[in-house]
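Participant: Sequence:
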Amino acid sequence: MLCLVIDDDMDDQEIFELAIRETGKNCSCLFAGSGEEGLQLLEQEPLPDYIFLDLNMPRVNGLQCLEAIRRKDNLQRVPVIIYSTSSQQVYINKAMLLGATAFITKPSSIAGLSGLLNHFFDRL
Numbered sequence: 001m002l003c004l005v006i007d008d009d010m011d012d013q014e015i016f017e018l019a020i021r022e023t024g025k026n027c028s029c030l031f032a033g034s035g036e037e038g039l040q041l042l043e044q045e046p047l048p049d050y051i052f053l054d055l056n057m058p059r060v061n062g063l064q065c066l067e068a069i070r071r072k073d074n075l076q077r078v079p080v081i082i083y084s085t086s087s088q089q090v091y092i093n094k095a096m097l098l099g100a101t102a103f104i105t106k107p108s109s110i111a112g113l114s115g116l117l118n119h120f121f122d123r124l
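full-length UniProt numbering puts the first residue of the sequence shown at 1, with every later residue one more than the last.
Fair warning: there could be bad hints in the mix.
As the list claims (entries may be wrong) - Listed below are the simulated DSBU-like cross-link pairs for lysine-lysine, each with C-alpha atoms no more than 35 Å apart in a straight line:
(1) Lys72 to Lys94
(2) Lys72 to Lys25
(3) Lys94 to Lys106
(4) Lys72 to Lys106
(5) Lys25 to Lys94
(6) Lys106 to Lys25
For the record, the hints were derived by calculation from the structure and aren't laboratory data.
Please model the entire structure based on the sequences and the hints provided.
Facilitator: So this is what it looks like as structure tokens:
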């Protein structure tokens, strides 16, 4: 299984990687530090099985990145989970309208994130 994590916060990337390990799943992660970098990685093979996307990034934010992802035919079936510190309903609604599979607020612990990841890996 391959996950692409698009997040400009290096600490959050590290936490995500630790949480993935804690799930016990055979999963590799690619990390992109910006929306632009994430979109570039999605031009290459192999395509990820899951995309985790932060909202608050400079230049190309998460909603813009999501919109670009959903315009690509080869990415229509790839689950895109918005993974953000924001829990404002306006952003959740916009993300879901643009084609997000789910919207999760970044948990404060590795164990909390690991539990959410297992939920997605077991159901999507």
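Participant: Against each hint, give a clear statement of whether it holds in the structure.
Facilitator: Hint-by-hint comparison with the structure:
Simply put, lysine 72 and lysine 94 have alpha-carbon atoms about 19 Å apart, close enough for the 35 Å limit, and the pair holds. Taken as a hint, the lysine 72 and lysine 25 pair is honoured in the structure, with Cα atoms around 28 Å apart against an allowance of 35 Å. Restraint check for lysine 94 and lysine 106: satisfied, since their Cα atoms lie roughly 18 Å apart, inside the 35 Å limit. Distance restraint check for lysine 72 and lysine 106: the Cα-Cα separation of roughly 27 Å lies within the 35 Å cut-off, and the hinted pair is therefore satisfied.
Using a Cα cut-off of 35 Å, the hinted pair lysine 25 and lysine 94 holds, with the two alpha carbons roughly 31 Å apart. Between lysine 106 and lysine 25 the alpha-carbon distance is near 20 Å, which keeps this suggested pair within the 35 Å criterion.
Of the hints listed earlier, there is not a single one the structure fails to meet.
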